[in-house]
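Could you put the whole structure together from the sequences, leaning on the hints where they help?
Below are the chains, spelled out letter by letter.
Number of protein chains: 2
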Amino acid sequence: MAKKERGGVTFPEGFLAAGIHAGIKKKGALDLGLLVSEKDSLIVGMFTTNKMKAPPVQISQRRARRGVAMGIVVNSGNANACTGDQGMADAMLLTEKVGHYMGCSAQKILPASTGVIGRPLPMAPILESLPSLAAKLSPKGDTDFSKAIMTTDTYPKSAQKEVTIGGEVVRIGGAAKGVGMIHPNMATMLVFMTTDAVIEKEALRASLHQVVEDQFHTLSVDGDTSTNDSVYLMANQMAKNPLITKGSQLHREFTQALMEVASELRVLLLKDAEGATKFLHIVIQGARSKGDAKKIASTIARSLLVKTAFYGEDVNWGRIMAAIGNAGVPVRSEKVSVALGDVALVDHGIGLGDGQEEKAMEVLKKSDITVTVHLGMGQMTAEYWTTDLSYEYVRINAGYKGRT
Amino acid sequence: MAKKERGGVTFPEGFLAAGIHAGIKKKGALDLGLLVSEKDSLIVGMFTTNKMKAPPVQISQRRARRGVAMGIVVNSGNANACTGDQGMADAMLLTEKVGHYMGCSAQKILPASTGVIGRPLPMAPILESLPSLAAKLSPKGDTDFSKAIMTTDTYPKSAQKEVTIGGEVVRIGGAAKGVGMIHPNMATMLVFMTTDAVIEKEALRASLHQVVEDQFHTLSVDGDTSTNDSVYLMANQMAKNPLITKGSQLHREFTQALMEVASELRVLLLKDAEGATKFLHIVIQGARSKGDAKKIASTIARSLLVKTAFYGEDVNWGRIMAAIGNAGVPVRSEKVSVALGDVALVDHGIGLGDGQEEKAMEVLKKSDITVTVHLGMGQMTAEYWTTDLSYEYVRINAGYKGRT
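If you read the protein sequences in the order shown, they are chains A and B.
Residue numbers for the first sequence follow the numbering used here, so the first one is 88 and each next one is one higher.
Residue numbers for the second sequence follow the numbering used here, so the first one is 88 and each next one is one higher.
The hints are simulated quantities; they were obtained by calculation from the structure and are not laboratory data.
Accuracy of the hints is not assured; some may be wrong.
Identical chains blur together in the list; that is why a pair holds if it fits in one copy or across any two.
Claimed, not checked - Lysine-lysine pairs mimicking PhoX-like chemistry, simulated, CA-CA at most 20 Å apart: (1) Lys382 with Lys288; (2) Lys358 with Lys452; (3) Lys382 with Lys422; (4) Lys138 with Lys377; (5) Lys223 with Lys358; (6) Lys184 with Lys114; (7) Lys114 with Lys422; (8) Lys184 with Lys126; (9) Lys377 with Lys184; (10) Lys126 with Lys327.
Rendered as structure tokens:
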């Protein structure tokens, strides 16, 4: 029953993981993780759109394009970003050494880093710790791995799911980190997903794109994106399912299962958002296009005035209206309706008065709040998830670097 | 010497102003202002790009297009936004009644409002107070007017300047409000400028556009724009200067003087930004285009991670680099240099180490900080002004509506 005890990134067949303290973070916290497949694995990735891509991101992006990997080595506490040629050389050397212990070329090891920008990686202690990291690789290493990728996260984040595809068991697992600097197009978010599915590369890539679009690109904590963030998906083909080809029924089943794992990770990321006291689900309906709906959802989710009003449990729906008007999308005030939870506040552009506002105050006391906006312009919809903005967010971010 | 005692919007010849408590705000605070010219005046305006334009903004925009006005009636405490047909009728009626007292048609009175969104204007007390408002009109009424437009502003904001144009004295004055929700393309900012210059309408309009672009569109407090914000410029032609025509030397002199008044107002707006403890002057150099430079300046100015790091006096230049990379503009990390004050922190993409970071900590203790970024991509530059993000910002904005 060893299988049953496994979870997260090592839930699928043939994946091993480990996490140790290598001396990057203070106080002995885990800061170096390794995730490997027992055999060569397909790998696909999506990487930050930030122009200041960190050296490990540049390397991983190139290596993911080749499509075959053995594993990923990841450190927290130091982003190895804005470190120039030295940062590139360090990341190269690290993957070479890891490849040495794994018996593969550096090309099959992808590097990832997260943490403070602009400091060189402390290579000596990291390289010294590689033998003990390799020695700890285990099918039960997922928890240590999840802990080793944490920065200001307050808990490790992992998820897993078993599905039957073509009559055979297929497993999917994942780990994630990221609590601030989270915004669509990656932000400081690292997500590692694994599967033992037998799947062709184009199908794997299509699944990843859809899942990232629907789950991780609908999450905004503070509107910032980072130099390092990446989503990886490894598929080592060790299950017994018939080959999943792109566009097939099996592919839809696989994508659906991957979506569920990603959705769990998204919820875990949101719930650990820095200083958050409220979790906002923004639902846009009646838009002319999906793009319009997303722009409006994103503008509401990013508005500091909206976020602080939710923190203060203030029924200030005018700020939601102002954010809608601020999205750069054609809208007509007299067609817009807004509700908090099931309490309608605005009907065709007009506030529904004190009675409804009092009811809405009850909704605002909850920690999970759905904001529904109907634009009255068409049929398209979008969803977004965000948080309020609290004193605690400011406290955490006012002194992050000094504390690391 | 009555002239010498005047300032702000009534500094130019022939302008009168007043401000009273009309019962919109609590506690007797001034909340209704009136600014009029003794004779018909040219008027030009620029209005919020927010799609949820408040009824008074829609009316003022139409009337400013006609180009001739007697005055502006403005209230604080209630934005008359998202109030639908009733809001439109209320603003129309208000200007009709004001026009009655001024002996002109409603078409020559422009309405403006600022405050909470979504509540109907309390028309009864406002209309009742109009006779006393009209009675208080005075060349010394600028201070009461400046106070009557305040919302969370902690002090009234006005500026004035006297210049000699074509051998004759010309006066320019202004009043402004706005402390949160300030962002390029207007935000919750109301600016009223006046001049007695003899100037043709196209020249007046061109001066206003240039001044708004260079001064008010380079100011960002929280990235939000509002439903109400507007910049007005009245020119009543009562000075004795030769006609200022568009593109002439006199026009350049006039624009320069207007720029100085606007610059003073911009500084006053920035210094009163909600909860700000640091004032950041973002200077972008070496960009390929003005547009690129502005996008990067704006992205740095809007980054919560940058703003909280300044609040915490944390030398986290990595967040500035990440913001630069997040602007959607082509940049190359290895060409970027960053300095705080006169302390270089990043040279061609590489951090300059602990020694420089320690020096930068001294810069961060100051309240006025210049952030200089050289992109190494070209010759273009841009400037931007913003603030840090403090606990106090969150406190003020978490409970605004409930307190009003």
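Here's how the hints hold up against the structure:
Taking CA atoms no more than 20 Å apart as the test, Lys382 paired with Lys288 passes in neither setting, with 31 Å inside one copy and 37 Å between copies. For a Cα distance limit of 20 Å, the shortest separation of Lys358 from Lys452 inside one copy, 17 Å, qualifies, whereas the shortest one across copies, 34 Å, does not. Within a single copy, Lys382 and Lys422 get their C-alpha atoms as close as 18 Å, which meets the 20 Å cut-off; across copies the closest is 32 Å, which misses it. Taking the shortest alpha-carbon separations for Lys138 and Lys377, only the inter-copy value of 19 Å comes in at or below 20 Å, while the best intra-copy value is 26 Å.
Taking the closest pair of Cα atoms, Lys223 and Lys358 never come within 20 Å of each other, the shortest separation being 30 Å inside a single copy and 56 Å across copies. In this homomeric assembly, Lys184 and Lys114 never come within 20 Å of each other (Cα to Cα): the closest approach is 25 Å inside a single copy and 71 Å across copies. When the C-alpha separation of Lys114 and Lys422 is checked against a cutoff of 20 Å, the pair qualifies neither within a copy, at 56 Å, nor between copies, at 36 Å. Taking the shortest Cα distances, Lys184 and Lys126 sit within 20 Å of each other inside one copy (18 Å), while across copies they are farther apart (83 Å).
In the homo-oligomer, the alpha carbons of Lys377 and Lys184 never lie at most 20 Å apart, since the shortest distance is 46 Å inside one protomer and 46 Å across protomers. Proximity of Lys126 and Lys327 under a CA criterion of 20 Å is satisfied intra-copy only: 15 Å inside one chain copy versus 88 Å between copies.
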